[in-house]
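*Asks:* For reference, the chains in residue letters:
4 protein chains.
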Amino acid sequence: MTTPEQRRQDAVDALAQQTIELPSWAFGNAGTRFKVFPTAGVPRDPFEKISDAAQVHRHTGAAPRVSLHIPWDLVDDADGGMEKLVAHAADEGVAIGTINSNVFQDDDYKLGSLTNADPAVRRKAVQHHLRCLDVMRATGSKDLKIWLPDGTNYPGQDDIRDRQDRLAESLAEIYAGLDPDMRIVLEYKFFEPYFYTMDIPDWGTSLLHCLALGEQAMVVLDTGHHAPGTNIEFIVAQLLRAGRLGAFDFNSRFYGDDDLMAGAADPFQLFRIMNEIVRGDALRPDSGVNFMLDQCHNVEEKVPGQIRSVMNVQEATAKALLVDREALGEAQRSGDVLAANGLLMDAYSTDVRPLLAEVRESRGLPADPYRAFMASGYLDRVRSERVGGTQAGWGA
Amino acid sequence: MTTPEQRRQDAVDALAQQTIELPSWAFGNAGTRFKVFPTAGVPRDPFEKISDAAQVHRHTGAAPRVSLHIPWDLVDDADGGMEKLVAHAADEGVAIGTINSNVFQDDDYKLGSLTNADPAVRRKAVQHHLRCLDVMRATGSKDLKIWLPDGTNYPGQDDIRDRQDRLAESLAEIYAGLDPDMRIVLEYKFFEPYFYTMDIPDWGTSLLHCLALGEQAMVVLDTGHHAPGTNIEFIVAQLLRAGRLGAFDFNSRFYGDDDLMAGAADPFQLFRIMNEIVRGDALRPDSGVNFMLDQCHNVEEKVPGQIRSVMNVQEATAKALLVDREALGEAQRSGDVLAANGLLMDAYSTDVRPLLAEVRESRGLPADPYRAFMASGYLDRVRSERVGGTQAGWGA
Amino acid sequence: MTTPEQRRQDAVDALAQQTIELPSWAFGNAGTRFKVFPTAGVPRDPFEKISDAAQVHRHTGAAPRVSLHIPWDLVDDADGGMEKLVAHAADEGVAIGTINSNVFQDDDYKLGSLTNADPAVRRKAVQHHLRCLDVMRATGSKDLKIWLPDGTNYPGQDDIRDRQDRLAESLAEIYAGLDPDMRIVLEYKFFEPYFYTMDIPDWGTSLLHCLALGEQAMVVLDTGHHAPGTNIEFIVAQLLRAGRLGAFDFNSRFYGDDDLMAGAADPFQLFRIMNEIVRGDALRPDSGVNFMLDQCHNVEEKVPGQIRSVMNVQEATAKALLVDREALGEAQRSGDVLAANGLLMDAYSTDVRPLLAEVRESRGLPADPYRAFMASGYLDRVRSERVGGTQAGWGA
Amino acid sequence: MTTPEQRRQDAVDALAQQTIELPSWAFGNAGTRFKVFPTAGVPRDPFEKISDAAQVHRHTGAAPRVSLHIPWDLVDDADGGMEKLVAHAADEGVAIGTINSNVFQDDDYKLGSLTNADPAVRRKAVQHHLRCLDVMRATGSKDLKIWLPDGTNYPGQDDIRDRQDRLAESLAEIYAGLDPDMRIVLEYKFFEPYFYTMDIPDWGTSLLHCLALGEQAMVVLDTGHHAPGTNIEFIVAQLLRAGRLGAFDFNSRFYGDDDLMAGAADPFQLFRIMNEIVRGDALRPDSGVNFMLDQCHNVEEKVPGQIRSVMNVQEATAKALLVDREALGEAQRSGDVLAANGLLMDAYSTDVRPLLAEVRESRGLPADPYRAFMASGYLDRVRSERVGGTQAGWGA
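Chains as they are written, first to last, in our numbering: chain Y, 1 to 396; chain U, 1 to 396; chain C, 1 to 396; chain F, 1 to 396.
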C-alpha cells in the first residue's frame with residue numbers, strides 16, 4: 001500500500017525529471033487567415049527564437065529542448081550553417097529537439113506534397129524530408145516530425161486511395177533515409193488546411209502507415225487535431241498499448257485546431273491524458289514519448305504564454321501522479337462507479353501549485369516561473385533591442 | 001474509352017446483382033429512451049419479422065437475406081428450434097444472413113460484457129457468442145457480427161487499458177470457435193450506450209483487434225457511429241485498401257446514432273460512400289463486403305421504411321456507377337479541381353429513378369417498389385391479423 | 001479593494017444560502033434506449049422518491065426542494081391526492097418545487113404534442129398543462145417547466161413554420177392559465193427524442209416565445225442541450241442581460257444529452273457557468289434563477305450520485321465566488337490577456353473542499369456529505385425494505 | 001390543385017428573376033493561416049475584381065450585383081473616388097451591392113473593435129462604419145453588412161457581458177447614422193477568428209441586437225457559421241417568421257467555416273434551405289432577403305468557381321420550386337411521414353439541369369454557363385494581361 005506521503009514523494013521525483021519541448025515557431029507572430037497581429041519584441045531569426053525559448057527553460061527548468069521548423073529555421077550555410085545555431089542553443093542552455101518538415105508553404109504544394117498526383121512534386125517533397133535528415137545530423141536531432149498538411153477541398157478533386165498509395169511510397173523513401181537511431185514521428189489531423197479530406201486524418205491512418213514502415217515510425221498525437229467529442233485519453237491508452245505513441249503536440253481547443261495554450265480550454269482533459277501517461281508508465285524520460293508544445297499565441301505575449309503552458313502541463317502531471325492507483329484499481333475491480341470516479345477526482349481537485357513550487361525551489365528555480373519571468377525585465381529589453389528587421393512568423 | 005451507354009449498361013448489370021441485407025429488428029417497434037411508440041400490425045415473433053422482411057425482397061428483388069439478433073430471434077428448441085425459422089424464411093423466399101450477438105440487455109452487463117472487470121461476466125458473454133456460432137451452424141450463417149456496447153460513463157470508472165486487454169482475450173476465445181468459413185465482423189461506435197468511453201469507439205480500434213485476431217476478422221462500418229464531421233468515405237477507402245472492410249450497417253443521422261433511413265439525412269454522403277465502393281471494386285457479390293441496413297423506424301411505417309431505404313441505397317449506387325471514371329482520373333491527374341469535382345457532381349445530379357425502374361421491370365419487379373407495396377394491402381392485412389400477443393421491440 | 005479574506009467570507013455567506021433543486025426522477029431507474037438496468041432499493045412511488053431526495057438535503061443542507069414530473073408523480077386522488085405528498089415532503093424536511101409537464105409518453109404524442117398537426121392532440125396537450133397548473137396550486141409550486149420534446153425525424157415530415165405557429169398558440173393558452181405569481185420556464189434542446197428538427201432547439205427560439213408570452217415566461221438552460229462546442233456561459237450571460245434566465249437544469253455530457261452528474265464531464269465549464277452567475281449577481285436567492293439538477297444515474301447509485309452532483313455544483317460556485325473581480329476587471333480593461341486569464345484560473349485551481357467543509361460544519365452538517373451518507377446505512381435499509389412492487393423509472 | 005406543368009412554369013418564372021450577389025473578395029487570392037496560394041490572372045484592384053464578377057453575370061444572367069469590402073475596395077479619392085468604380089461596374093453591366101465593413105485587419109483591433117475595452121478603439125471602429133455609410137451614399141448601396149469578428153481567446157480575457165453592452169452602444173451609434181432607406185444587416189459566427197467567445201456567436205444574439213436597434217436592422221445568415229449539426233433551415237424559417245432575415249452569405253462546409261463553393265459540401269442542405277425560402281415566400285425580388293455568396297477559392301479557379309456556385313444555388317432553388325406543396329401539406333396534416341418525406345425527396349431527386357438550361361436559353365444566355373465561360377478565353381487573357389502589380393487577396 002502506498003501512503004499519500006509516498007505518492008507525494010514519487011510525484012516530486014517524477015516532476016523533477018519531466019521535460020517539455022518547445023516549438024521555435026511559438027515565439028514568432030501567429031494568427032488566423034484573417035490577420036496576424038504583430039507583437040513588439042518578437043524574434044527576427046532562429047537565434048532570437050532560441051533565446052526566447054531559453055527564457056522558458058531558465059524559469060521553469062523543464063523545457064531544455066527546442067523544435068525547429070525547416071525551412072523556417074534554416075540558417076544560411078554561408079554563415080556557418082546550423083552549427084552556429086546549435087552552439088547558440090548550447091550557450092543559452094538548451095538543445096535542438098525535433099525537426100519539423102514544412103511542406104505547406106511552397107507554391108508547388110497547393111494540391112499536396114507527399115501525396116501530390118504529380119510525381120515531380122512528390123519527389124521535391126521527399127527531397128525536402130531527406131534534407132531535414134541532414135539538418136538532424138547537423139543538430140543532433142533524432143526525431144523527424146511529419147505533419148502532413150495534404151488533403152483536398154472538394155469531393156472528386158483527387159482519388160482518396162491513390163493518394164494513400166502515393167503517401168505510402170513517399171514515406172517509404174524517407175524512412176529508407178533514416179539513420180538507425182532516428183525516428184519518423186507521424187502526425188494526424190482532422191481538418192485544415194484542407195476541408196474535404198486530409199490524407200492522414202486520424203490515428204488509425206497514421207498507425208497503419210507506421211506499421212507498414214517499421215519500428216522507427218511512431219504516431220504523434222496533437223491534442224487539437226480531433227473531431228468534436230473525441231476521447232483523446234482513449235487514443236493515448238490505445239497507442240501506448242500498441243507501443244506506437246511517439247510524441248505529443250500539446251495545445252488546447254474549444255472548436256477547431258485553435259492552438260491555444262495547453263490546459264487553457266479543458267484542464268480536466270489534460271489531466272485525463274496525463275493520467276493515461278502515468279498509468280501506462282510513459283512519463284519516465286526513456287519511455288520514447290516526447291512531450292512537446294505546439295501552439296499559437298495570437299493575442300497573448302509569447303514567452304510567458306509558453307511558460308504558462310509548461311506550468312499547466314506540470315500541474316496536470318502532478319495531479320495524475322497523485323492518483324491513489326491501488327485504491328482506484330480496487331474500486332474499479334469491485335464495480336464501485338462513484339468511488340472510482342471519486343478517487344480520480346480527488347487527485348484532480350487537489351491544488352498542486354504548492355507542490356510544484358516546492359519542486360522548483362528545491363532545484364533552485366523560482367516558485368512561480370510566470371511571475372519571475374514577468375519581473376525579469378526581459379520583455380522590455382527585447383522590445384527595445386529588436387527594432388528593424390522582419391519579425392518571424394509563419395513564414396521564412 | 002467507355003461511352004455513357006457502356007457505363008449505363010454496366011450500371012444496369014451491377015444493379016441487377018446488388019443485394020442488401022435487412023435487420024429483423026427493424027420490423028419491430030423502436031424508439032428512444034423517452035418512448036417506444038407502438039405501431040399496429042408489428043410482428044410478435046421472429047416468424048412474422050421474416051415475413052415482413054420478405055415483403056421488402058418481394059417488391060425490390062434486392063433484399064434476399066435477413067440478419068437475426070440473438071437472443072431476440074431465438075426460437076424455442078422445444079418447437080423444433082431454428083430449423084423451423086430457416087424453413088419459414090425459405091418459404092418466404094429469403095435466407096438467414098448475419099447473426100448479431102446481443103450483450104446489452106442482460107442485467108449482468110451493466111458495467112460491460114466482453115470487457116467486464118468480473119471474469120464470470122466475461123465468461124458468460126463469451127459463452128453467449130459461442131452459442132451464436134451454434135445458431136450460425138443451424139441457420140447457415142457465415143458472419144457473426146459483434147457490436148460491442150461496452151464502455152464507461154465516468155472518468156476513472158474503469159481502467160481503459162485493462163478493458164482493451166480483456167477485450168482482446170475475450171475476442172480470441174470467440175475467434176477460436178469459428179469454423180474455417182466463418183467470420184467475425186467487428187463494429188465500432190463513437191458513443192452510446194455509454195458516454196465517457198466506448199471500448200471500440202473507432203475504426204482504428206476495431207482494426208487493431210481484427211489484425212490481432214487473424215484473417216477471419218473484419219471491420220463493420222455503421223454509417224451512424226462516427227464523430228460529427230467524420231469523412232466516412234475516407235474510412236471506406238482506407239479499410240478497402242487494408243483488405244478489412246467486412247460489412248456495412250447503413251442508416252443515416254443528423255446528430256448522434258439517429259438510425260434514420262439510409263440516405264434520408266445526407267444522400268450526397270451515401271453517394272460518396274458508394275462511389276468509394278465502386279472505385280474499390282467492392283460492389284461485386286464476391287467482394288467480401290456485406291451491405292446491410294441497421295435502422296429504427298420510430299415514427300414511420302416499418303416495411304415501407306425498409307423499402308425506401310433499399311431504394312435509397314440503390315439510387316446512390318446507380319449514381320456511383322455512372323461516374324465517368326476515365327475522365328475523372330484524367331481531371332484528377334491534371335489537377336483540374338473544378339473539372340474533377342464537376343464530373344463527380346454530374347453523376348450525382350442525374351435522376352437515376354428511370355434507370356432503376358428499368359432494371360426492376362426487366363426482372364419482373366415493380367418499377368416503384370414503395371408504391372407497389374403500399375397498394376398491396378399487406379399493411380391492412382397484418383394490422384387486422386396481428387392482434388393480441390406482444391409486439392416485438394428492442395427486447396426478447 | 002476586497003481582500004482574499006473578505007472574498008472568502010463573502011463566499012462562505014453565499015454558499016450557506018445556495019440551494020439546488022432535485023428531480024424526483026433521478027431516484028428512479030434510468031438508462032438508454034438499449035437498456036434500463038435495475039438497481040436494488042429504488043423507489044416504487046413518489047413518496048419513496050421524496051424520501052430519497054430528502055436524504056440528499058439531510059446530508060448537504062443545500063437541496064430543500066424536489067421537482068415533480070406529471071403524470072409520473074401524480075398520487076391517486078382517492079388516496080387523498082397530492083396533499084399527502086406535500087405533507088410527506090414536509091415531514092422529510094423538503095418542499096415540492098417545479099412541476100414538469102410530461103408530454104412525451106402518451107401514444108398520441110408520436111408526431112408532437114403542443115405542435116401536433118392534429119388540433120385534438122394539441123388540445124389534449126394543452127389540457128395536460130392546465131392540469132399541471134392545478135397540481136401547482138395543490139403543491140404550492142410556482143414554476144411550470146415545459147421541456148417540449150416535440151420535433152420531426154425527416155425533412156418534409158411536417159412544416160417547420162406551421163409548427164412554430166401552433167406552438168405559439170398552445171403556449172399562449174397555457175400562459176393564460178397562470179396565476180399572477182406563477183411562471184412558465186421554457187426549455188430548449190438541440191436534439192432527441194427527434195432527429196431532424198426539434199421545435200425548440202435553441203435559446204433563441206425559447207426566448208422568442210417567452211418574449212411573445214410576457215413577463216411570466218422565462219428560459220430554462222439545460223447544460224446538456226447544446227450543439228458540440230457551444231459556449232454555454234455566453235448564453236448564461238446573454239439571458240441574464242435580457243432578464244430572461246429562469247432556471248438551470250444541471251448535468252454533464254461528453255457527446256449528446258448524456259445526463260451525467262453535474263461537473264463530472266467538464267468541471268471547468270461548470271465553473272465558468274457559475275462565474276457568469278456570480279458576475280451577473282444571479283446567485284442570491286431572490287434572483288429569479290432556479291438551480292436544478294436534471295440527471296440520469298444509469299450505472300451509479302442514485303442518492304449518492306445526487307449528493308456528489310450537489311457537491312460539484314457547490315465547488316464550482318465556491319471557486320467562482322473566490323475570483324478577485326476587482327483585479328480581474330483591471331486586467332481586462334488593460335488588455336492583459338495572460339493576467340486576466342490567470343486571475344480566473346487562480347480561483348479555479350484552488351482546492352475549495354476545505355472551505356465547503358467549514359461551511360457545512362458551521363451549519364451542523366457533515367463535512368463530507370457523500371461519505372456521511374454512505375456510512376449512514378440508508379442504502380442497505382431501503383434495499384431490504386423495498387422489495388416487491390414496481391421500481392420507478394421513466395414511466396408512470 | 002397545381003399540376004406539374006404549372007409548377008414547372010412557376011419555377012421557370014421565378015428562376016428567371018432570381019439574383020445572387022457576388023463578393024468582390026472571392027476574385028482575389030484566399031487561403032488558410034498556413035498559406036495563400038497565388039493564382040495567375042488574379043485581379044490587382046477593385047476594377048479588375050468587378051470585371052471578373054461581371055463575367056459571372058455575363059454567363060449566368062443571375063449575378064447583377066457585387067458586394068464590396070471596405071477598406072479593401074476603396075479607390076483613392078485623388079483618382080476620382082468611388083464614382084469611377086460605380087461607372088466601371090455600370091460599363092461591365094453590374095452594380096455595387098452591399099458594403100461590408102472590415103474591422104479585423106487593423107492592428108488596433110487585436111482585442112476587439114466595436115466591443116473593445118478601450119473607448120478610443122471603439123470610436124475608431126464606429127467611425128469606420130460611418131465612413132462605410134458614406135461609401136454607400138457614393139455607390140448607391142442600401143445595405144451595410146456587419147460581420148463582427150470580435151471575440152476572445154481565453155476564459156477571463158474580457159467580461160462577456162460588458163462586451164455585449166459596448167456592442168449595443170456601438171451599434172446604436174452606427175444605426176443612428178443610417179439614411180431612412182438603408183439597413184444594417186448583422187451577421188453572426190460560431191467561431192474564428194477568436195476561439196473562446198465570439199461577441200455575436202449565434203442568431204439569437206444577432207436578433208436581440210437587431211430588435212434593440214429597430215426596423216432597419218436585420219440578421220444575416222452565413223451558411224458556414226454554425227455549430228456542427230445545426231439545422232440551418234430551421235433558423236431560416238424562424239427568422240422569416242420573425243420578419244428579420246435580411247440576407248444570406250452562401251458557401252459550404254464540412255468542418256468549420258470552410259468557405260467552400262455553395263452546394264459543394266451538402267447539396268441537400270442547400271435544397272432544404274431554399275425550400276424554406278420558397279415556403280416562406282421570400283424568393284420574390286422584393287422580399288427583403290438578399291442572396292449573396294461569401295466564399296474562398298483556395299485551390300480552384302475563382303471566376304468559374306463563382307459560376308459553379310451560382311449554378312448550384314439555382315439548382316437548389318429549382319428543386320425547391322418543384323415541390324408539390326399541396327400534396328405535401330396534405331401528407332403532413334395527415335401524419336403520413338413517409339409520403340411527406342417522399343414528396344420532398346421527389347423534388348430533390350429531379351435533375352433540374354435541363355430546366356435551367358431552358359430558362360437560360362430563353363433569356364439568350366448559354367445553357368451551361370460554366371462551359372461557356374471556360375471556352376471564352378477570358379482566363380487566358382487575364383493571365384497574360386495581369387502581370388506585375390500586387391494580386392488582390394485578403395488585405396488592402
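Simulated from the structure, these hints should not be mistaken for laboratory data.
In this text, all values refer to a predicted model and were calculated from it rather than measured experimentally.
One should not assume that every hint holds.
Note that the list lumps identical chains together, so a pair holds whenever it fits in one copy or between two copies.
Straight-line alpha carbon distances no greater than 27 Å define the calculated DSS-like cross-link-like pairs of lysine-lysine that follow [as the list claims (entries may be wrong)]:
#: 1; residue 1: Lys124; residue 2: Lys110
#: 2; residue 1: Lys142; residue 2: Lys110
#: 3; residue 1: Lys124; residue 2: Lys35
*Asks:* Hint by hint, note whether the structure agrees.
*Replies:* Hint check results:
1. Taking the shortest Cα distances, Lys124 and Lys110 sit within 27 Å of each other inside one copy (13 Å), while across copies they are farther apart (38 Å).
2. Taking the shortest Cα distances, Lys142 and Lys110 never come within 27 Å of each other, neither inside one copy (29 Å) nor across copies (38 Å).
3. Proximity of Lys124 to Lys35 under the C-alpha cut-off of 27 Å is restricted to the inter-copy arrangement: shortest distance 18 Å between copies versus 30 Å within a copy.
Of the numbered hints given earlier, the model fails hint 2 alone.
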